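Listed here are the chains, written in short residue letters.
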Amino acid sequence: MEFLSYLISGLSLGSVYALIALGYTMVYGIAKMLNFAHGDVIMIGGYVSFIAMNSAGLPAGVAILLAVLVCTVLGVLIEGLAYKPLREATSLAVLITAIGVSYFLQNAAQLIWGANPVSYTPVITGTVSLAGGKLNISIVSIVTIIACIVIMICLQLFISKGKIGKAMRACSEDKGAAQLMGINVNRTISITFAIGSALAAIAGVLLCSAYPTLMPTTGSMPGIKAFTAAVFGGIGSVPGAFIGGLLLGIIESLTKAYISTQLANSIVFAVLIIVLLFRPVGILGKKISEKV
Amino acid sequence: MKKKLLSILLASAVAATTFVGCGSQTSGGTKEEGGSTAQTSEGDSETTEGTEGDSASAEGAFKIGAIGPLTGEAAIYGTAVVNGAQIAVDEINALGGDIQFELKGEDDVNDAETSVNAYNNLLDWGMQFLVGTTTSTPCVAVAAEAYADRVFMITPSGSSVAVVEGKDNVFQVCFTDPNQGKASADYIAENIPGEKIAVIYKNDDVYSQGIRDVFKEEADAKGLEVVYEGTFTTDTATDFSVQLTAAQAAGATLIFLPIYYQPASIILSQADSMGYEPTWFGVDGMDGILTMPGFDTSLAEGVMLLTPFSADAEDERTQNFVATYKEQYGDTPNQFAADAYDAVYTIYESIKASGVTPDMSTEEICEATIPVMTQITVDGLTSEGMTWDASGEVSKSPRAVVIKDGVYVTP
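So the protein sequences, as listed, match chains V and X. Note that this note's numbering numbers the first sequence so that position 62 is 62, with each residue one more than the last. Take any residue in the second sequence, note its place counting from 1, add 1000, and you have its number in this note's numbering.
The set of hints was computed from the structure by calculation and includes no laboratory data. Accuracy of the hints is not assured; some may be wrong.
Beyond 12 Å from chain V on every Cβ pair, some chain X residues (computed) [stated by the list, open to error]:
| no. | residue |
| --- | --- |
| 1 | Gly1230 |
| 2 | Asp1239 |
| 3 | Gly1288 |
| 4 | Met1292 |
| 5 | Val1372 |
| 6 | Glu1384 |
Chain X stretches covered by chain V per the calculated footprint, using a threshold of three residues with CB under 8 Å from any CB of chain V [as the list claims (entries may be wrong)]:
| no. | segment |
| --- | --- |
| 7 | 1071 to 1085 |
| 8 | 1244 to 1251 |
| 9 | 1273 to 1284 |
To list a few chain V residues with every Cβ distance to chain X over 12 Å, as calculated [to be verified]:
| no. | residue |
| --- | --- |
| 10 | Gly10 |
| 11 | Leu58 |
| 12 | Gly61 |
| 13 | Val76 |
| 14 | Pro122 |
| 15 | Ala147 |
| 16 | Lys161 |
| 17 | Gly162 |
| 18 | Lys163 |
| 19 | Ala170 |
| 20 | Ser172 |
| 21 | Leu180 |
| 22 | Lys225 |
The structure displayed is predicted, hence computed values, not measured ones. By construction, the Cβ of each residue, glycine as well, lies at the ideal position given by its N, Cα and C atoms.
Construct the entire structure; sequences and hints are all you get.
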């Protein structure tokens, strides 16, 4: 019975990682850049919804919508101001810029909202009791898992079926050729960032509801873990991010339960190293063979 | 070319904004400082007018530096320390005696390196006594510097043993981590026996690890049953459901939390959503949980903690202190403010006992005050009759309080 509860803890932690990893992997898959500011957009989403609910007294649904809206605009702005001018620059320059944006957001949040941690009011509360109260699952975990699956399927459909999705895939394969075919590369990448940031807002609300604390650095550690999950599952692959996130959460939680709480992180990252040794592209990553 | 220009512009904009970030952070700190120095200089000029011609030393005031996190995760502690020290300084200056103080607070963001920088800034300013630092990890780093430089140092709340160990010039107002662990185990053994105990602690933090080690030792010695121990680190401080499930599975009826209030707030809320209701027992790091923005204080109902200071205490001195603090800073003071207040009074007593004067060098003052520290007795807000031994550890009696309807009450 305890095993089941550990598994559920792992699943709910993993689904938060997966939700964040979806944003990472989508931006990477299409724009071919690591948006390290993703975790901080999550934090902004958390703060926007917190303020909407606690200071403005808006209902949770409106607060989530507002967070999605603000984050989407923010994502497009970041892309337009910080990444677009570097489109032709080396990938290292873009990476460093992304780290800069991440610090910028953290410091800006500290200036605006202060550094003290606040206690987040969960948008969804309550637990489901199974097996005569021996097994408690919080509803927010269930919602997170469902949201994660729904978003994953929608994203997959969007990318593989729609016209914009096709444009995205084209940009991902070859930006130059896509442009020659009449695809507006800049607009496509902006749309990618808009979707990624909207996902970040939802992830922010769910992250803060499951683990109810919020401060300017809230997004950074889950962000790094989610990035790891995305690499684990095969960066650029949407189902890979989902699987990677869940596995990471479950490994972390079972390690804490059965091996040692002290070794949890070491073991998680050791597993990552082993997987990458045998499958350098991650679990579901595509092997790209280059013709010489 | 245009693109290059644009990117340079952007890069400098990002750099500039980052600097602005830092700049205003420190300016937040200097605002504090500015505020406090302004206050003291006001106090100074008043008293100088009052005691003009009385004595030569009146024109020179002792310079006290205070260091703590004024921004960042632990800002609540550092702010309390600077504010509490300021109230004591104002009180002593208002007495108009020969001993006058000037206080300057510096921000260390709870970071050891920043803390040493803050310490060096204060030395440049001419600091003669150091009240600080506030949190344990930076305190160990600064104590090593202060020992080498021979600066008299009294920390209100740096409770790790490593802070005072082997340093004759460093003293503590708070009880040490081992003392907290020992006192907690003793209290549980005496007052709530027969509980099955789980401990959840932060093993990358010297404060938490220190308390846990001695708690475990004392618990074993007293025959307390510790059924589960779980750890977490800064990186894994978001999810505690595994530790809580394991504690529940092990049958724990009391959970000992030798940690700060921020992770504790998550633990309380997650246990609540699991429907797990053990007795919670915390230490002084738990102090502050009730004033955390957005925190549902009903979650902390029944939490017990050891703290030497309770704002509800009925003695006149505490009442006055709480009233002044509320009036000046709009908040109820916590234990850290009271510790800092006591630290300033301890310095005051040591000056009276050793007869040092403000024109003496920092080093001379340090050497003259060390021997008297083991002789003086200070009645403070946090304890009556505090005394020190040569190790720098304080001897005082911790008190247990329980949270009821959002306030501390004596059980």
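Checked hints:
no., hint, result
1, Gly1230, "5 Å, violated"
2, Asp1239, "5 Å, violated"
3, Gly1288, "9 Å, violated"
4, Met1292, "5 Å, violated"
5, Val1372, "39 Å, holds"
6, Glu1384, "33 Å, holds"
7, 1071 to 1085, "holds (count 5)"
8, 1244 to 1251, "holds (count 3)"
9, 1273 to 1284, "holds (count 3)"
10, Gly10, "8 Å, violated"
11, Leu58, "15 Å, holds"
12, Gly61, "19 Å, holds"
13, Val76, "16 Å, holds"
14, Pro122, "8 Å, violated"
15, Ala147, "18 Å, holds"
16, Lys161, "35 Å, holds"
17, Gly162, "31 Å, holds"
18, Lys163, "29 Å, holds"
19, Ala170, "23 Å, holds"
20, Ser172, "23 Å, holds"
21, Leu180, "20 Å, holds"
22, Lys225, "8 Å, violated"
Checked against the numbered hints given earlier, this structure breaks hints 1, 2, 3, 4, 10, 14, 22; the rest are met.
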